[in-house]
Structures are given as C-alpha cells and as structure tokens.
Amino acid sequence: MNASPPMPEAIEPGSGVHAFPHRHLTGIEGLQPHEIVYLLDEAEKWIAFNRATTKHDPLLAGLTQINAFFENSTRTLLSFEIAGKRLGMDVVNMAVAQSSVKKGETLLDTTATLNAMRPDVIVIRHDASGAVQLIADKVDCPVLNAGDGRHEHPTQALLDALTIRRRKGRIENLVVAICGDVLHSRVARSNILALTALAAEVRVVAPPTLMPAAVERMGVTPFSDMDAGLDGADVVMMLRVQNERMEGGFVPSTREYHALYGLTRERLSRAAPDALVMHPGPMNRGIEITSDVADDPRVSAITEQVETGVAVRMACLDVLTRGRRGVPGW
Amino acid sequence: MTAKPTAGRVAVRHGRIVDPQAGTITPGDVLMEDGRIAVIGHLSPGTIARCEIVADAKGALIAPGIVDVGAMAIDLAAFTAGGITRAGLMPDQSPPLDEPALVQRAAAAGKPKVWIHPIAAATRGLNGRELAEIGLMKAAGACAVATGRGWIADSRLMHQLLAYAAALDLTVIAHAEDGGLAAGAVATAGETATRLGLPAAPAIAEAMAVARDLMLLEETGARLHFRQLSTRTAFDLVRQAKRRGLKVTCGATPAHLLLSDQAIGPFRTFARLSPPLRSEDDRRAALEAVADGTIDILCSGHDPRGPEAKRLPYADASPGAAGAVTLLPLALGLVRDEIIGLPRLFELISSRPAALLGLPGGKVAVGEEADLILVDPDAPWRIDSDGMPGIAGNTPFDGLPVQGRVLKTIKGGQPLG
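Here the protein sequences come in this chain order: C and G. 1 is the number of the first residue of the first sequence in the numbering used here; add one for each residue after it. 1001 is the number of the first residue of the second sequence in the numbering used here; add one for each residue after it.
So here's chain G without its partners, still in its complex pose (with noise of 0.2 Å):
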C-alpha cells in the first residue's frame, strides 16, 4: 500500500525550531497543513510520505516569520529576502494612507507571498492638525494608527488621539521628536554635527517628545508605541514608565543599535537616518535597553531610496535606510555578542511586534498560522548596497561582513521562491 500526498500538506524536517514564547531551541520537523501548523516534533516516515512538498532543514533554524512594524514602502522582493511575513505599512505612502478606501487597497498589495498590514495615518493628510477616520480605516483593516515620520506638535490633538484610538482598541505609534527643537536638523548635536557643519539637534528632543506623550498616556490610559527610540534618556522614561504599569512600547531599528553618529564620516547620505544616529554613549544604551528589555521590537524601518534622494549634498538627502534583507543578519549579531538569545531574538521581531499589531504569526506552535522561515544563523556573507535585493539598497552598513541568512520563507504553509 503507497500512502498518497495530500495536497497542501508540507513537513520540514531535522530543524531546530525555535519557540521565541517557551524560549527554547528544539531538534525536530514541522508539519504544516491547510496553510496551519499542524504538528511539531518527530514526523513518523508514514507521514512524510503523504507529504506534497518534504523539505531537510539540515539543521538550520525552523523560526516564525519576521512581523516587521512600520515599513516605510512596500518592497516585497527585498521582505522576502529578508524573511519577513507580515509587514505593517506606515501611512506615509504616496498618498498617505488616511481614508478606507486606501488602507484596503494597500491591505490586498502583497498576498499572498507577503502580508502588508496598513497602519493607518492618525491625521489627514499626515498634516498633524486634524483626526483622520480612523475608526472607518480600522473597520477596513488598519492594525494601528499612527503619526507618520513626523510628531504631533499639538499637544491638544495628541491627547484626542490617544483618547479617541484607547476606545477603538487601536495602538497609537508615535515618532517621538519635538518638533520645535529639532526643526530643521539632519544630526545630533555633537562633535561630529560641528566638524561637518550640519544642522542639529540637542538629542534631548527624543525624550521631550516621550515625556509629553507619556503624560498624555497616563491622562487617557491608551497603548502607545514609539516605533524607534534612540537615546539614553528616553529610554530612561519607557523604562520607568512600564514600572508604574503603563501601556507604553518601543522600538529600535539595529542601526541605532550598532552605529553612531561617527558613521556619517565624510557625509555618507546612506547614514542620513530619521531619528538622526546618535552618541557613542545613547547607542550604548540602545543595547542596555535590548539586554534588560525596555526595547520590546526590532524593526528594520525600511525606508528604499534611490539616487535622486540620497545622491545629494547631506542636509539634502532624504533620511531613510533599506533595512529589511539586513534586520537578521544584524539582529544575529546580538546573538553572537551574547546581548540577547536566540529566542528572545524572534521575540523582538517577530512574536511581540504580531502581538502589537494583533495579527496571527510570530509563534510556532500547532494550530498557529504556517509562517516560517529557515535561516542558517552562521552563513556568512557580505551586505552589498548596489546587490540588494528590493527597491533600493541604501544601507549604512554597506561593505558590513555579517552571518545567517534566510534560506527559505514559508507563507501560509507554503514555501516561497
């Protein structure tokens, strides 16, 4: 008797299964059916043979997909590549994403290789003045709301915001730079801002915009989520805040993990980031922040951008690095220097930016969404601005040697590429 595959039935076996929720690392095969995990452990060779598609890991890592928060574009060539499942879709597309009609469009943009989920724009226009329809863009599949690459200067507005979004159940994430002080500044004020003569801003900005929102927060009893943190001080108040209980998150992207402001050098535009790279001693305590946990999300911030925006004098350029293909690799690095473990590591890009969102993913356990990815954590290879896969390839870690790659990503039970 042959036992005959099952369509839609797909076993990855002789992994190492990583389960960011247990925080373990298990030998073992996944089995996957009708798009759901359907069993983990050791697959009977029974079973293997009524599989379409068998698939040897040869022992690389079996992991959730990446859930990336707050993509700037979507670029599905380079978040495939860089093994991520689900995007969510900052609303500062062109046009911003501040009515229905455009957050269900964008919603339908990547299936069924990648998921992009809208973030809905929390003003109209993005102009930072009025509330756009946000309970109508939640009802059309927004999975957050948020103020876009700029900050809500109206303290007024905000605290609507995080009052009117409390009672959708929607997270606010929040960009937090005042806007008054860093109005017009492309650095951080420091010895690297006065040697190349660029327009900065005290890094202080960072936290002011923090301490406001906090109190706002407080006042509303909201969640609220600063998508990238960069300093030591504002890491400071996320840090406290979560002690007295409040509903507060955030992010980090790795280039204010691994960079600081020396990395413009001699006006490298690829460097030219929104927040603006930082001190030595913030970037320092970006990784303390990852280490104890303040930092609950690693995103990648991917923000393509072509010649005609980054070939330009520094204060010209637009700010933005592509950081999808390099948000694992870099991430790995963490692991390597023994600041986090392994899962932990998917923790922070995967399991608790899905939770953030309230989307399926970042779990790998039976009956959970079949999103998966194979890395090979110690494949080394070299980041390559002009080979990167996507839109564009403007990385400040151009030229970087780094290690673990994506071998395959699995999307609703199925292998991609």
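Only chain C is shown next, with the shape it has when bound in the complex (with noise of 0.2 Å):
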C-alpha cells in the first residue's frame, strides 16, 4: 500500500503531497488519471534544461541514489544514472554480475543490505514480476520500478505518454496500436494502463502465441491481423522481440515473423497520414521494424524517446524523494 503522509491544513487538493500520494512507484496500476498527467507535467519542466549547456541541478544534492539492477541492462541504467546526477545525487550502481546474489544470497537479504546503507531512492529492475514490490515492502525509502518480469515498468509508460502528448499534443481519443510480443513485454502491460487511463483508445497486435489471454479485460481490443490493428492508427508503439521466443515456440521463425508483423513502410501506410512510430529499444532492425521507417525523422519518434525519458526519471526521483527533502506540503 502507499500511504499518504498527512497533509498540512494549508495545501490544496491537486497540490503538494495530494498530486501524488505515494510512497513508491512500483508501477503505473493504481494510479490515478491526474497523478499520471503531474508526472508529465513535472518531467516537461526538465526538458528545456537537459538541453541547456550547464546540465545541473543541485536539488537532490546529498541524496543517495542506489540502483539495483538484477537483470542487465544499458540504456534504463544509464538513463537513470543520468537523471540522478543531473539533480545531484550520489548515484551508486549494483550490477548482478559483481553482486552477492550471484553467490546465492536471497533477493531480501540483499534488500535489506541495501536498506541499511541508508539510501534515499532505489531504483530496481529485475526478471521476476512482483520483484520490485516485494523490496518495496521492505525498504525505508522510495523504490522505483525499472522494470519486473513481465509486469510493469512505469518509467518507460511515462516517457512514452509524454512523448506522444509533446508531438501530437494530447494523447485523449488518439488510436494507439502496441505492436509485438505484448506476452512477454512489461512496456505493453504498463503503456497499456497508463493510455487507457488518459482516455487513448488502444489496440494491441500479437500473434495469437504471443497474445496474453483476457487482454481485453484490460480496456483493449486485440489484433492478429496486423494490418487491421493498424487502421487508421495515431501512434505505432513497437515493441522488442526476443531472440528466444523466435524460433520454434511461439514464432515459427524470424522472417514469417517479420512477414506478419514487422512494420514496413507499407504497412505503415494503413495507419493515419500522420501516424506516429515509436519503439522502447533497442531495436531488431529487419525484424520488427525496417531501417527506413525507424529513421525516418518525419514518423519516428525513438530518439526522442530517449531524451523524454531521462526527464521522466528525474521528474520521479523528484518528485518521490520531496517528503524526505522536507518539501513543504510533502
């Protein structure tokens, strides 16, 4: 549960602590439509400045910020690596390779190490769903999901809103189709919540192998057919396909899949003139997506991604690390 710390009589509703009443960010279920939209908002601020010369903030400054990464990862760690500093924190961190767990040590033996040298924000990725919950429960600061299993990962859900809420100016009534193993992927559970929860109409298109069961019960229609889930389409969400899930078990093999589902430029032409392209990375070129569509400035919005995405990570540590800074109304 994340409780909310009591409020001084003097803040208004939609302000301070009410904004965002949580402890952490495990992930974008639970949220409500509002708190969603702050975040965009509090990121859109660091924009501006991640582009300005000097990209410092001593706002955090003093803070500990550990990042635990179970599972091995680039470009989330660096991205938050980045968001970290660049608010001034001491940003330590624990890769599993060099980590006890891999000596055999338990995920909350770990936790609980962490939590005694006293950081003030984790920030945890790890192949298990409900990972980051199960720390979350135990530590004394703010947690961050980078990513658990197949269940959520809220930062990229984030970055992803407010990239499209910046190029097409809002994300209410859009038609987003996510595109790919929307099985195995925690960007499509947490994109999912997120864009039905700001009023996008969303389309999820899987092979029926790779089609999670009941995913309509989750505010979307599903496709097999991707050429029908991309009709009239606003915004092309790819998503990454593992190399595992290619051969034989859920995909008979890597070009039928990249015949059925991998986004061309003509396939691309069933979706709106002005349609959007937009992929987590790192990207299979060739596989889901052609090299001609993903670089194509005019539809692709990867980069762009990327960019949004260390502002996201430092409007989150922001804003969950206010109440210990002694932020008044937090």
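Hints were generated in silico from the structure; no laboratory data involved. Incorrect hints may have been included.
[Claimed, not checked] Subject to a maximum C-alpha distance of 20 Å in a straight line, what follows is the list of computed EDC-like cross-link-like pairs (lysine to aspartate or glutamate):
(1) LYS1310(G) / GLU307(C)
(2) LYS138(C) / GLU1308(G)
(3) LYS1310(G) / GLU44(C)
(4) LYS55(C) / GLU44(C)
(5) LYS1242(G) / ASP1292(G)
(6) LYS1310(G) / GLU105(C)
(7) LYS55(C) / GLU307(C)
(8) LYS138(C) / ASP1292(G)
(9) LYS138(C) / GLU1218(G)
(10) LYS1310(G) / ASP109(C)
[Claimed, not checked] Derived, one-sided and incomplete: chain G residues facing chain C with beta-carbon distance under 7 Å:
(11) GLY1023
(12) LEU1196
(13) GLY1197
(14) ALA1263
(15) PHE1267
(16) ARG1311
(17) ASP1316
(18) TRP1381
Virtual Cβ for every residue (Gly too), placed ideally from N, Cα, C.
Starting from two chains that each stand alone, build the complex the way the hints lay out.
Written out as structure tokens, the structure is:
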C-alpha cells in the first residue's frame, strides 16, 4: 500500500502531496489519471533544462540513489544514472554480475543490505514479476520500478505518454496500436494502463501465441492481423522481440515474424497519414521494424523517447524524494 | 459399594453425535473401551463411575476424527490442532517414498497421536519414468499409490501404473495437470495473470489430464482418485465418468472452493497453490460439485512452507499452503452457507477418505476405532498466519474470521493434549 502522509491544512487539493500521494512508483496500476498527468507535467520542465549546456541542478544534492539492477540493462540504467546525477545525487550502481546475488543470497537479504546503507531512493530492475513490490514493502526509502519481469515498467510508459503528448498535443482519443510480443512485455502492460487511463483508444497487435489471455479485460482491443490493427492508428508503438521467442516456440521463424508483424513502410501506410512510430529499444532492425521507418525523423520518435526518458526519470526522482527533503506540502 | 474406574475406559457425555453414515446428529454420550467405541447412547451413572476419564462435551459435536488424503508433510502439531487423526502422506518427501523401508519408517512417524499412512510413489524418485516397487511398498504399509505433485506425462506408463495397481487392489492418486500446457506456469491464464505478468496456463490443462486418465481407467478397471480438482470442465468429466460407473473419485481443498485467482492480489505468494487458483466461474463449479456429490473428499492439501520458500518473487516461490488447521473451520463455512449438511461434511473429511485409503476410522459406531473429535462448530476465531500451530503458517486465509474449533482430539480412545 502507498500510504499518504498527513497533509497540512493549508495545502490545496491537487497540489503538494495530494498531487502524487504515493511512496513508491512500482507501477502505473493504482495511479489516478491526474497523478500520471502530474508526473508528465513535472517531466516537461526538465526537457528544456536537459538541452542547456550546463545540466546540473543541486535539487537533490546529498541524497543517495542506488540503482539495483538484477537484470542486465544498458539504456535504462544509463538513463536513471544520468537523471540522478543531473539532480545532484550520489548515484551508485549495483550490477548483478558483481553482487552477492550470484553467490546465492536471497533477494530480501540483498534488500536488507541495501536498505542498511540508508539510500534515499532505490531504482530496481528484476527479471521476476512482482520482485519490485516485494522489495518496496521492506525498505525505508522510495522505490522506483525500472522493470520487473513481464509485469510493469512505469517510467517507460510515462516517457512514451510524454513523447506522444509533445508530438501530438494530446493523448485523449488517439488510436494507439501496441504491436509485437505483448505476452512477455512489461512495456506493453504499463503502456496499456497509462494510455487507457489517459483516454486513448488502445489496440494490441500480436501473433496469437504472444497475446496474453483476457487482455481485452484491460480495456484494449486485440488484433492478430497487423494490417487491421494499424488501420487509421495515430501512434504505432513497436515492441522488441526477444530472439529466444523466435525459434519454434512462439513464432516459427524470424522471417515469418517479419513478414506478418514487421513494421515496413508499406504496412505503416495503413495507419493515419501523420502516424507516429515508437520503439522502446533496443531495436531488432529488419525484424520488428525496418530501418527506413525507424530512421525517418518525420514519423519516428524513437530517439526522442530516449531524451524524454531522462526528463521523466528526473521528475520521478524529484517527486518521490520530496517528502524526505522536507519540501513544504510534501 | 463403590465402582472402581477401569483403566482405558473413557466417557464423553452430553455431546451431539455426528454419524456421517446414517446422516444424523443425535444428542448423547459415547463410551470408549480398549481404544474402541463400546456404547453410544445414554450412559448410566454406574457406567460413568467406572470410567477412568469422563469428559463433558457440553453440547459440542462428537464427530469422527478427520482423515486427510494427501498431506505433503508430517506435521503432528498442525494435525492435532486441526482434528486430523489419520493422515495419508504424499510420497513427495525427502527422499521420496519410493521403497519399502521408507514407507515403513514414515508409517511409524506419528504414532500414537496421529497415524501417518504413507502413500507410495508410483515411480522411482517420482521421476515419472519407471514404476517403483509398488507391491513391496503395499506390503510395507502403503495405503495407496500416487503420482506425487507432478503429472505422469508418458501415457503408456500411466496405463501400466493403473493396470498394475488394479491387480494389487491399490487406489491410484493422480495429479491432474497436463505437463506440456502447464510447463513453467504459476497461475491460470486470465485477467489476473495477464495484469500481473505471470506465466500462466489455460485452465483446461486440468481437464486434459483428467480426460486422458479417465480413458486409461476405463481400459484398466483400476481405482483412480484425483487428489485436487479445481475446474468446471474437470468436474464435468468426473461427473460423467461416475455416471458411466467408473471407479473414480476426486478431492478438493477449501482454497479452491473459497478463493479465485483474484486472491493472488499484489503477488501474494501464500496464494500460490498447485493446482493454481482458478476463475470465479471455476470456483462456483467447485461449490456445485461439492453440493451434488461429484467431489468425494475435502482435503487440507497441507503443505507447510517457511519464508525461505515463500518470501520470494511470486514465480520463484514454492506452491502450497498450510491447510491442516483451517480445513475444518473453512469446511464448516460450507455448512453455514447451506451448501452441505453437517453429516455430509464429515463424510467429505472423514468417512470417504478413510474408505478411499482402506483405513479404519470415519465412523461413529459400536466396535469401531475410537478416533473422535469434539468440535464447537460456532466458536469464532481469526486465522493467523504467524500464530498457526505446526511447521509453518503459509495460508491464503490469513486474517479471515472463521467459526469452528476442535476442542479435543481423541485418538484410539485416548484424549490428546
């Protein structure tokens, strides 16, 4: 449970801690639409800041951020590290290859150890769904989920939503098609939750073998025919396909996947004329997306997503540590 | 002239005697002598005076002790607290009960308080590939033979097992979950698993296993018991098979009758069970199957697991729940909800299990073993995971207020505790 601390009388609803009354960010699930919008608005402020020559604000100086990544990651780790450093935090990365996790220590023992070092925020990635929630329940500082198994990747959904909002001016009533390995994708889950909360019309496009059961209960429309799923879409959000899913088990082959579910220029023509193409990266060029689409700045927002990502993570780090920093109203 | 108390003579007075066979509840007294029930009815003051121990039930139920089919651990404290006087022990021990000496040792583990009745492993090391020495294990005291936690994927081997067990007059206890479909799954495919991002298998994995085993059963004429069923389609198959006259029975745990997969909530590993929790529709189907007699047995599925097995990310946690202490109060809820009557409840938890495993017990009749429990069916309490008697308190019902408590367990005519 994300219990909210008591609120001083003078604070108006919608400001201060009422704007985001959660201790952790473990997922988009459980967030109200206005809370998502609040984080997007906060992130917006950091985008211009990040484009300046001097990118340092000592807002969070003196605080310690631990990035505990139990699963390999390059870009997300880098993004969180840069975000923390630009806000003046002391950022420490714990990579699993160098940790006692390899020696058989349990997750909660590792957690207790990290907690005892008195960090002010912990960013966690883990390959098991629910692992971040498990840790969040046991530590004294805010926890930020940087991806847990197939469950959630909330900062990815926030950066995607912000990218869409900046490019399209709105999210409401846009048709967003999320395409690819939806079954194994935490990016898809968090995006479904965020975009439906913000009143987009969300479709999911996947081979039947990579479509989660009862996904329509999450308020989306499933398609197994990509052309039909893309028809008139304002945003085409591609997902990364893991190589291990390709050979036999879920999909017969890479080339068949590309033929049926790859985003080509021709297939993109089914979408709205000004459709935006997104991808959380890293891309498998020539498999789920062709280079001419990915590299076309008129349609592709892929590098912009990376830029937005740093701003979103700065906003989350700022908002989640306000209580500890004694910011008035938090 | 003063009457002398006779050693080993025990009386319980002023109870309400539950007879699952006759389907009756009758006020009265019970006299036990030499470990057996000697008199049921109204005891005279003279008879009472000659008793070593006289207990006043004060209107509590006098019922046959619970016979639990398929406990995963020898957990005497939990069994006694739960009113279990005999427990059929699953072969999934360490090491697995796959040879006569291990069966013999397990059979002696609980005496005199609780009798443990080992169920032999169907295959060596429960590997699902070669038959274990089932005949020798029967001679050593095994009351049935089981596939264990797992399914036997090889249909030919399952065919041989059923044929072989039929000749030995042993009941085969099967786990019903198609191993191919269920491989790697920790939840039932559906909205909950999708939202949580958990590996899931379609619920028909159970019915597919049941369908195959029923066909093999028809072919071999064996006796087959599905330890735990949980889905509508599986219950339908068993219902039809019974109508056709096949010797098939099935069990269920209170968890599958009372909880759907929504109980997993935010990754509650205490709700990780095998088979996994199902949809609300399947849960309702389980209640219907209890009501119409398709489910023969309610069992605890007792599988105590400490924090090292449960305080983990959901998919890494071991499946199973401690169920021995909560079986009776949760099952009494079915009586209060008028799904079943009180005598039928004791048929489900005592007399049918005893008959399935070929054990004494499960009866309140003159000459029978005096395995009795005194139960206050209305006593309110709250299930508390931390304070639960036994090896561990991993229950998905933590915090639930329930009614019904075992006041006293009498094993072989001797009150325990």
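Tested hints:
1. The suggested pairing of LYS1310(G) with GLU307(C) is violated, with an alpha-carbon distance near 40 Å, which exceeds 20 Å.
2. For the suggested pair LYS138(C) and GLU1308(G), the alpha carbons sit about 15 Å apart, so the restraint of at most 20 Å is met.
3. As the CA atoms of LYS1310(G) and GLU44(C) are separated by approximately 41 Å, the hinted pair breaks the 20 Å bound.
4. Restraint check for LYS55(C) and GLU44(C): satisfied, since their Cα atoms lie roughly 15 Å apart, inside the 20 Å limit.
5. The hinted pair formed by LYS1242(G) and ASP1292(G) meets the criterion: a straight-line CA distance of about 12 Å does not exceed 20 Å.
6. Proximity of LYS1310(G) to GLU105(C) is assessed by CA-CA distance (about 15 Å); at most 20 Å being required, the pair is judged to hold.
7. The straight-line distance between the Cα atoms of LYS55(C) and GLU307(C) is roughly 13 Å, inside the 20 Å bound, and the hint therefore holds.
8. Distance restraint check for LYS138(C) and ASP1292(G): the Cα-Cα separation of roughly 46 Å exceeds the 20 Å cut-off, and the hinted pair is therefore not satisfied.
9. Annotation: proposed proximity of LYS138(C) to GLU1218(G) is violated, straight-line Cα distance about 53 Å (limit 20 Å).
10. Our distance criterion of 20 Å between C-alpha atoms is met by LYS1310(G) and ASP109(C), whose separation comes to about 14 Å.
11. A hinted interface residue such as GLY1023(G) counts as satisfied when its beta carbon comes closer than 7 Å to some beta carbon of chain C; here the least separation is about 42 Å, so the hint is violated.
12. For LEU1196(G), the shortest C-beta to C-beta distance to chain C is roughly 6 Å, which falls under 7 Å, so the interface hint holds.
13. For GLY1197(G), the shortest C-beta to C-beta distance to chain C is roughly 3 Å, which falls under 7 Å, so the interface hint holds.
14. With 7 Å as the threshold, the beta carbon of ALA1263(G) stays out of range of chain C, its nearest partner Cβ sitting at about 14 Å, so the hint is violated.
15. Interface hint status for PHE1267(G): upheld, as the beta-carbon distance to the closest one in chain C is roughly 3 Å, under 7 Å.
16. At a threshold of 7 Å, the smallest CB-CB gap from ARG1311(G) to chain C is about 6 Å, leaving the interface hint in force.
17. About 6 Å separates the beta-carbon of ASP1316(G) from the nearest beta-carbon of chain C, less than 7 Å, and the hint is met.
18. Among the interface hints, the one on TRP1381(G) is violated; its C-beta lies about 26 Å from the nearest C-beta in chain C, farther than the 7 Å criterion.
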